[in-house]
Every structure is written in structure tokens, then in C-alpha cells.
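Asker: Model the full structure from these sequences, guided by the hints.
Protein chains in written order, with this note's numbering: chain R, 1 to 146; chain U, 1 to 126.
Hints should not be assumed to be uniformly reliable.
Derived pair list, reagent style SDA-like, types lysine to any residue, alpha-carbon separation capped at 25 Å [what the hints assert, rightly or not]:
| id | chain 1 | residue 1 | chain 2 | residue 2 |
| --- | --- | --- | --- | --- |
| 1 | R | Lys31 | R | Ala65 |
| 2 | R | Lys31 | U | Gly3 |
| 3 | U | Lys54 | R | Gln66 |
| 4 | R | Lys109 | R | Val12 |
| 5 | R | Lys109 | R | Val20 |
| 6 | U | Lys54 | R | Val12 |
| 7 | R | Lys109 | U | Ala119 |
| 8 | R | Lys31 | U | Gly103 |
| 9 | R | Lys31 | U | Arg41 |
| 10 | R | Lys31 | U | Lys54 |
| 11 | U | Lys54 | R | Ala65 |
| 12 | R | Lys31 | U | Phe62 |
| 13 | U | Lys54 | U | Arg41 |
| 14 | R | Lys31 | U | Val80 |
| 15 | R | Lys31 | U | Ala13 |
| 16 | R | Lys109 | R | Val34 |
| 17 | R | Lys31 | U | Ser81 |
| 18 | U | Lys54 | U | Ala119 |
| 19 | R | Lys109 | U | Asp79 |
| 20 | R | Lys31 | R | Ile105 |
| 21 | R | Lys109 | U | Phe77 |
| 22 | R | Lys31 | U | Pro85 |
| 23 | R | Lys31 | U | Ala52 |
| 24 | R | Lys109 | U | Trp111 |
| 25 | U | Lys54 | R | Lys109 |
| 26 | R | Lys109 | R | Ser124 |
| 27 | U | Lys54 | R | Leu55 |
No wet-lab data here; the hints were simulated from the structure.
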Amino acid sequence: MKPQFARLPAPVVAGLVLAVVLDTFIQITWKLAVRDVPADASVHTTLRLVLSSPLFLAAMLAFLAQLWNWLRVLARADLSFAQPFTALSYLTVLGISAYSLHERISVSKMLGVALILLGVFFISRTPYRTLDRTGSGGAGPGSTRP
Amino acid sequence: MTGELTGIIILLAAMAVESLAQLCLKIGAAGGPMILRPACRRLTERLLPGSAAKPWIALGLFAYGLEILLYTFALHFLDVSVAFPLGSLCFVGVALLSQLFLGESVSRTRWLGIGLILAGTVFVTL
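Answerer: Rendered as C-alpha cells:
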């Protein structure tokens, strides 16, 4: 796993890891908050129940942290490079759900996990930043394009 | 059945909005609309004039809020085995917008990665 991460700057790696951790937390707290809402609840009741849930507040706080972290990642890396890494949170959520509900992971789920990991692996092999076509070496925030 | 169709339409709208939210956040994070390709910049000047970064972050957050509402409503109509793979279509939307608006080079390898992730989400929910 080391070679393809070696050319990624440490802040980008740390930001991507933190993004997956926070995303996992947000998804789980969000799921739990929405789970308490009856399926036949009206739009109004749904909003009232979700907005008053402490789980929803926890998710919103994590969302703020996620925003701060994500802006730092996007300042350094291509959007089309960074964003697919968030698919890793599908796997962490799946793992946590399966563990907490004592579910066995089926063969098709394992295949899905392998495909997602392979997909993220392929993306990690691509350059994290598109080079500026003006040839100045890198498309920094201050760079100009013709 | 009609409920499911409604759910799918709302979910697709949510993914389009999420992709746009990501684009706005990227513009904000990169320091402003100078990161946009010139042709796209002329287009966005009408929507959001000036070269400041912060309004783009605000716009991105607004779009995110809208996406959360849409997604929550969609989940009331859809089984997770449908919602989950459809939800990963935002990776396609983001890649398209990144290429179109930001001029990012979305290589074949990157598309292959996205395709594998999409396939993976289908199998995960089977």
C-alpha cells in the first residue's frame, strides 16, 4: 500500500483519513436519528422528530468538523481525486453495522467491498492534482489560465 | 410503485445537488472562481459575481442542506438496496463537473475506479 501514498502529501492523506472517520460517524448517527421516525410520518412530523433528536445534533457538529477538514483537503487536491475516497465510509459503516447487529457478511457483500476497495485503489494511483496547462508546474489557487 | 419512482426522482435530484455542492466547496476552497475554466467563469459571473471565495462556500453549504432534505425524503420512498447504489452516482456527477468546470484531468484510470465503486455499491446491497 505504501508506494502510491508516498507521492501524496501527508496533509492530504491525513485529511482523507479524517474525512472517512467523520463521514462514518455522521452516517451512523444520522441513520440512528432517522430510524426513530415512523415510516408513515408526515413531512412535518418527520422534520420535527429529526431536528429534535440529540443524534441529529451530534451529526451536525461532526458535519461542521467535516466541512472544515474537507475544505482543507480540496485546497490541496483535485475534487475528482479526493471525493471518491469517501466511498471508503460505505465499508466502515457496513463493518460497524454488521458487527453491532452480529450479522454475517454475505459473499455478494464481500465482493462489493472488494470492488469498492479496488476502485479507490485505482483512483489513488492517479495524480492527486491536475497540472496547470500553462506549464508553470501546478494549478495553485493564485495561478492564472490563458 | 409510484412511490418508488417518486423516490428515485428525488434521489437523482439530491445527487445532482450534492455534485453541485461539492463543486461550490471546491471553488471556495481553491480561493475563488479563478479556478474555473474561463468559459465557465463567464457563466458563473452572472450567478455569483466577484472573485471572493466565501460566497461559494455558503452556496455549497446551502446546496448541501437542500441535498440532506431531498435525501431524507427519498429514503422514505426507497428501499436501501435501491437508494444506496443510486446515491453513489454522485461520484459520476462530481467527476463530470470537475472535468467540465475545473478542467481536472479525469483519466481512464479514475473513471475505472469510479465504475468499480458503483459496481461495488450494487453488490454490497444485494
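Asker: For every hint, state whether the structure bears it out.
Answerer: Against the structure, the hints come out as follows:
1. Restraint check for lysine 31 of chain R and alanine 65 of chain R: satisfied, since their Cα atoms lie roughly 19 Å apart, inside the 25 Å limit.
2. Between lysine 31 of chain R and glycine 3 of chain U the alpha-carbon distance is near 21 Å, which keeps this suggested pair within the 25 Å criterion.
3. Pair hint lysine 54 of chain U plus glutamine 66 of chain R holds up; C-alpha atoms about 17 Å apart against a cutoff of 25 Å.
4. For the given pair, lysine 109 of chain R sits about 29 Å from valine 12 of chain R by alpha-carbon distance, which is inconsistent with the 25 Å threshold.
5. A C-alpha spacing of about 20 Å is found between lysine 109 of chain R and valine 20 of chain R, which places the hinted pair at or below 25 Å, so the restraint holds.
6. Of the supplied pair hints, the one linking lysine 54 of chain U and valine 12 of chain R holds, its CA atoms being roughly 22 Å apart against a limit of 25 Å.
7. Restraint check: the Cα-Cα separation between lysine 109 of chain R and alanine 119 of chain U comes to about 11 Å, which is no more than 25 Å; the hinted pair holds.
8. Of the pairs offered as hints, the one joining lysine 31 of chain R and glycine 103 of chain U is violated, with about 36 Å between alpha carbons and a cut-off of 25 Å exceeded.
9. Proposed proximity of lysine 31 of chain R and arginine 41 of chain U is contradicted: the alpha carbons are some 38 Å apart, above 25 Å.
10. For the hint linking lysine 31 of chain R to lysine 54 of chain U, the alpha-carbon distance of about 31 Å lies beyond 25 Å, and the restraint is violated.
11. Proximity of lysine 54 of chain U to alanine 65 of chain R is assessed by CA-CA distance (about 17 Å); at most 25 Å being required, the pair is judged to hold.
12. Among the hinted pairs, lysine 31 of chain R with phenylalanine 62 of chain U is consistent with the structure: their alpha-carbon atoms are about 21 Å apart, no more than 25 Å.
13. Only pairs whose Cα atoms come within 25 Å are accepted, and lysine 54 of chain U paired with arginine 41 of chain U is accepted, the gap being roughly 16 Å.
14. Between lysine 31 of chain R and valine 80 of chain U, the direct Cα distance comes to roughly 11 Å. Compliance with the 25 Å bound is thereby established for this hinted pair.
15. For the proposed pair lysine 31 of chain R and alanine 13 of chain U, the alpha carbon gap of about 21 Å is at most 25 Å, so the pair holds.
16. For the proposed pair lysine 109 of chain R and valine 34 of chain R, the alpha carbon gap of about 24 Å is at most 25 Å, so the pair holds.
17. Our distance criterion of 25 Å between C-alpha atoms is met by lysine 31 of chain R and serine 81 of chain U, whose separation comes to about 15 Å.
18. For the suggested pair lysine 54 of chain U and alanine 119 of chain U, the alpha carbons sit about 36 Å apart, so the restraint of at most 25 Å is broken.
19. Taking the CA atoms of lysine 109 of chain R and aspartate 79 of chain U, the gap is near 17 Å; set against the 25 Å cutoff, the hint holds.
20. For the suggested pair lysine 31 of chain R and isoleucine 105 of chain R, the alpha carbons sit about 20 Å apart, so the restraint of at most 25 Å is met.
21. Note on lysine 109 of chain R and phenylalanine 77 of chain U: the hinted pairing holds, with a Cα-Cα distance of about 23 Å set against a maximum of 25 Å.
22. About 17 Å separates the Cα atoms of lysine 31 of chain R and proline 85 of chain U, which keeps this hinted pair within 25 Å; it holds.
23. With a C-alpha separation of about 36 Å, the suggested pairing of lysine 31 of chain R with alanine 52 of chain U is violated against the 25 Å cut-off.
24. Straight-line distance between C-alpha atoms of lysine 109 of chain R and tryptophan 111 of chain U comes to about 22 Å, which keeps the hinted pair within the 25 Å bound.
25. A C-alpha spacing of about 41 Å is found between lysine 54 of chain U and lysine 109 of chain R, which places the hinted pair above 25 Å, so the restraint is violated.
26. The suggested pairing of lysine 109 of chain R with serine 124 of chain R holds, with an alpha-carbon distance near 22 Å, which does not exceed 25 Å.
27. The suggested pairing of lysine 54 of chain U with leucine 55 of chain R is violated, with an alpha-carbon distance near 29 Å, which exceeds 25 Å.
This entry does not satisfy hints 4, 8, 9, 10, 18, 23, 25, 27, going by the numbered hints stated previously.
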